[in-house]
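Asks: Please model the entire structure based on the sequences and the hints provided.
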Amino acid sequence: MSIMVKVEEKLYQNRYIVDESRPHIQIKSAEACQTCEKQACTFCCPAACYSRNETGGVTLVTDGCLECGTCRVVCQDKGNIAWDYPRGGYGISYKFG
Amino acid sequence: MVEKFDAIVIGAGPSGNAATYTLAKQGLKVLQLERGEYPGAKNVQGGIMYAHELEKIIPDFRDDCPTERHIIEQRVWLLGDDNYVGTNYRSEAFNTDRPNRYTIIRANIDKWWGEQIRKVGGLQICETTVTELIRDPSGKVTGVRTDREGGEIHADVVIMADGVNALLAKRAGLQAEAAPENVALAVKEILFIDPELIQQRFGIKEDEGVVIEIMGKVTKGMVGTAFLYTNKESLTIGIGCLISDFKNGDCPPYRMLEDLKNHPVIKPLIEGAEMKEYAAHMIPEGGYKAVPQLYGDGWMVVGDAAHFNNAAHREGSNLAMASGRMAAETVIELKAAGKGYSASNLAAYKKKLDDSFVMKDLKKYRELPGIMHGNKQFFGAYPDEITAAAHNWFTVDSVDKKTKEKAIMKAFVKRRSVMGLVGDAIKLVRAVR
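Protein chains in written order, with this note's numbering: chain A, 1 to 97; chain B, 1001 to 1433.
Calculated from the structure, these hints are not laboratory results.
Remember, predicted model here, so these are calculated numbers, not experimental data.
A virtual CB, placed ideally from N, CA and C, is assigned to each residue, including glycine.
Treat the hints with caution; some may be incorrect.
Restraint-style ranges between C-beta atoms, simulated for each label pair [said to hold, decoys possible]: (1) N53(A) / N1262(B): 25 to 33 Å; (2) K1232(B) / I17(A): 23 to 31 Å; (3) D1063(B) / A30(A): 40 to 48 Å; (4) T35(A) / A1172(B): 45 to 53 Å; (5) N53(A) / H1154(B): 41 to 49 Å; (6) E1132(B) / Q26(A): 12 to 20 Å; (7) A30(A) / M1409(B): 50 to 58 Å; (8) R15(A) / H1154(B): 29 to 37 Å; (9) L1197(B) / Q26(A): 39 to 47 Å.
Partner residues aside, some chain B positions facing chain A, computed with beta carbon under 8 Å [what the hints assert, rightly or not]: (10) A1178; (11) Y1365; (12) I1426.
Replies: What follows is the structure, encoded as structure tokens:
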């Protein structure tokens, strides 16, 4: 019983203050992702920020990031994610939390 | 900036708020730094708030604290594919002047905390991310660096209440990265709906609330739980599993949440409600064995950043408030005694925690996380067999009861073997003893 779900529709309800062209999370080495068998970030991220790309690597778009930290935890054996908080005042701004 | 504070508290969640308020109330010069747009902007909680710990800090909080509903009924459900077995506890005795548990909307509570902190003279500054601890050559923490211009701020002691990610302690080498089996990822939605419908569907009056804690097939065999809480004009629904299990599986968390919302038992309860926010947050689940170093020269760590969460009882915010208060009380006592904030003096904070329910409860359940992690049958096989047994037992079909009993026992033995069943019983006892 798994239904198709568009996470974009969920994220659309959220308030974000986007820090243009200053992503707070970065993939350190694109090559390291290409050799990563699991690419767990692509299905563990609750905002689907990570997706497998045509080169077999992973593309990261942080705009919908919920700042949970899961990607950093799943990638710690590879250590290929540089994870920081957004600058003060930027990023997800929960109205309810 | 040359200004110096008695204490800096990093983060405006339950632990940081408790610490800041307690310090400010005693007249200490305290600065609280929060990276969100406003207090609560980065915080996520289910959420249930336990009154007792808050009462210790703000005895008359009920006068104006924006809680949702006080809880009069607790349901615990084990979900099968299209059914559930459950227990409920409901009591009129929960309808008192001083209820023990409330559903809350985190952001509302944190804004209220901000006002309380201001009232007692605490300084709370938002939109400021602390980037690192400042340490003197001996390693003693003497302040923090922020992302504001000229953003160095000094204090006699720094209390890290920066939440489950605890980046500051990790960066300073004071704490290791959390293992995937020691943290859960939870996702949740807030669903707005006519309060009349909430009251009808859950059989409650205005201000009364019901909480449902859920285990079973909805976590797809992963170690995890789900919940459905009643707020005043909304419902909160969420699900969380260990990150190690998400990593080994292939089900994204938002799909798991959507499946929960469409479960035949859950769907009628949330039908017609409008989703207004989708949130995700990590939860410390490693328990006693995952608690990091809690203090050192010039610093203490509190709340989620210190891994204070009692997964077995779904308690976190009360441990957070208690630890924040105890860290603050330690500072107040040392200052009054004219002592400094060396590691050996701040050991008093750990002593307070050890003597309280915080560490006592974590210690009691110290084996639970490992046992749950290594025994997935509690999240797959047992929900199957228990709900199937209930279905058999409650279907009246002219099969005699003794034959039914045998069939149920046989199903359990087939799934787990006799030794397996005995072993599971022993594990459960060990986990909670």
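Asks: Give a verdict on every hint.
Replies: Taking the hints in turn, this is what the structure says about them:
no., hint, verdict
1, N53(A) / N1262(B): 25 to 33 Å, "31 Å, holds"
2, K1232(B) / I17(A): 23 to 31 Å, "27 Å, holds"
3, D1063(B) / A30(A): 40 to 48 Å, "56 Å, violated"
4, T35(A) / A1172(B): 45 to 53 Å, "31 Å, violated"
5, N53(A) / H1154(B): 41 to 49 Å, "46 Å, holds"
6, E1132(B) / Q26(A): 12 to 20 Å, "18 Å, holds"
7, A30(A) / M1409(B): 50 to 58 Å, "56 Å, holds"
8, R15(A) / H1154(B): 29 to 37 Å, "34 Å, holds"
9, L1197(B) / Q26(A): 39 to 47 Å, "45 Å, holds"
10, A1178, "6 Å, holds"
11, Y1365, "22 Å, violated"
12, I1426, "31 Å, violated"
Consistency with the previously given hints fails for numbers 3, 4, 11, 12, ordered from lowest to highest.
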